[in-house]
Amino acid sequence: MRARPYPAWISRLFIFSVAALAFTGFMQMPLAKRYYLTEVPGMAWTGDFYMVHKIHYLLAALLLFVVGLTVVNWLRAWKDTLVLTRLGALRVAVVGGLVISGGLRVYRNLPDVTLDPAVIVTIEWVHLGLVMVLGAVALIALVRKSSAYAVRK
Amino acid sequence: MSKNNDQPGKVSRRGFLKALGTGGVGLLTPSGAVAAGKGRVPQPSDNELATLLDLSRCIGCGECVSACRESNAHKFPEPVKSFPAMSPSKRAKPEDWSDKRDVEDRLTPYNWLFLQNAEVEYQGEVYDINIPRRCMHCQNPPCANMCPFGAANKQVNGLTRISDSLCMGGAKCRTVCPWSVPQRQSGVGLYLNIMPRFAGNGVMFKCDRCYRLLEKGELPACIAACPEDVQTIGPRGEIVARARELAAGMDGFIYGLEENGGTNTVYVSPVPFDLIDKAIDKDGPRGGRGKVAGGKAKGLGPGKPHMGPVKDVMADETNLATATLLAPVAGVVAGVLGLGAKLLKNGEEGSHES
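Going line by line, the protein sequences match chains U and A. Everything in the first sequence is counted per the working numbering, starting at 1 for the first residue and increasing by one. Everything in the second sequence is counted per the working numbering, starting at 1001 for the first residue and increasing by one.
Calculated directly from the structure, the hints in this document are not laboratory data. Predicted model, so just to flag it, every value in this text is computed and none were measured. Incorrect hints may appear among the rest.
[As the list claims (entries may be wrong)] Calculated cross-link-like contacts (lysine-lysine; reagent style DSS-like; alpha-carbon spacing at most 27 Å): (1) A:K1100 to A:K1090; (2) A:K1075 to A:K1100; (3) U:K54 to A:K1311; (4) U:K33 to A:K1093; (5) A:K1075 to A:K1216; (6) A:K1090 to U:K33; (7) A:K1216 to U:K33; (8) A:K1093 to A:K1075; (9) A:K1311 to A:K1278; (10) A:K1081 to U:K33; (11) U:K54 to U:K79.
So here's chain U without its partners, still in its complex pose (with noise of 0.2 Å):
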């Protein structure tokens, strides 16, 4: 619980749109329904396929934002107070390959694109790998108490 020198609103913003991004992600596989979670009261529509999709497209529109706002900052001020500390450094790395391939995962869902379909395995397990591997270092971090992305210089 450290404190972070950006503004904490940010932070909150993306570590919503984050772990609601995750959520809707992992809902993407049909596991609500089959796991009862369709049963507890106000979660009815994560059974709903279509509804899970596009609030995963929403919250993803959020995280975009926050990534837009925190890089144009980070180039602009930040760089000059701020570093990024190691695990902050990989969680970037990883959430840029997240927001890559879900932004080909989104490309491919438009209707006039049709990848190869080695291309769209590929995307769909990089996707989901990343996932992972972001909830294995976020883990790590919180476990090493050094959950901050970057640190004052």
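Using the hints provided, position chain A relative to the given structure of chain U.
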């Protein structure tokens, strides 16, 4: 095969072969995300292969069904029993068609094409309509777009195929398919090697439009075997033009141009499809008609596709793609305008969140 070309207005063999050639391209370039909100028919890919079914010609002889079975028999699942126990057992039940391979009145993992019949009275005349049913091969297939493992894919030649080596059998494709086409066989596939008790339940099967035959430049089995030339295959642009011409000639109706934003299976009928939808499978489990994902259309039950209207089920996602494209731009603009930077100096005061 050649008899198809003997009829006036039929799609040319040259066009068919030309469309086959697009399979080697690897990927179709998009017209860009800006096209996201535009109408899709027939814009995306006039060179995709589509099939036209002239329902006024089908006599319901079943030659297509037999040919499909024979041609695809080597792809049918061969499960080893007993199936692994699954958890939770109440929700994850095995689906086994291996002892019911002879079932021909619906789609199953062993029957990728079947015939529906509709006796329809229209404008004072009674029509006996037979309808070969199989995968519609949507232009923007939700089964492929929403498969979490990339096991279902649309190919550049316009057909949608499920890879039996990648499919986990979760049946999401069947749930999101507006016609509930793919059918599951338990006891086969990748899930057996991963966590058979907790994840997966077999492999999903459906028409793959005889992709091996197409690769060799041959016609799909159901088309080649048809004695009445019910089906025609060719580049979608030509197929759509032919369907319109055919429909105009018989003062008839078309199914597949608008349904789910456009499919690569186009039916032409002398009677309206809403009447057909009400009449097909009249002895079947009408009580089992459930709400179909993404539309108001009702299904005729598992493995028995309806012929009702279907909205473009991926349209919302297509529109939201624009949002994902604009969101980082909005973030950059907000950053340039100073949002965030000003708060940095106060960061330590307000940043003690977990």
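**Message:** Name the hints, by number, that the structure is in violation of.
**Reply:** When the structure is compared with the hints, numbers 7 and 11 turn out to be violated.
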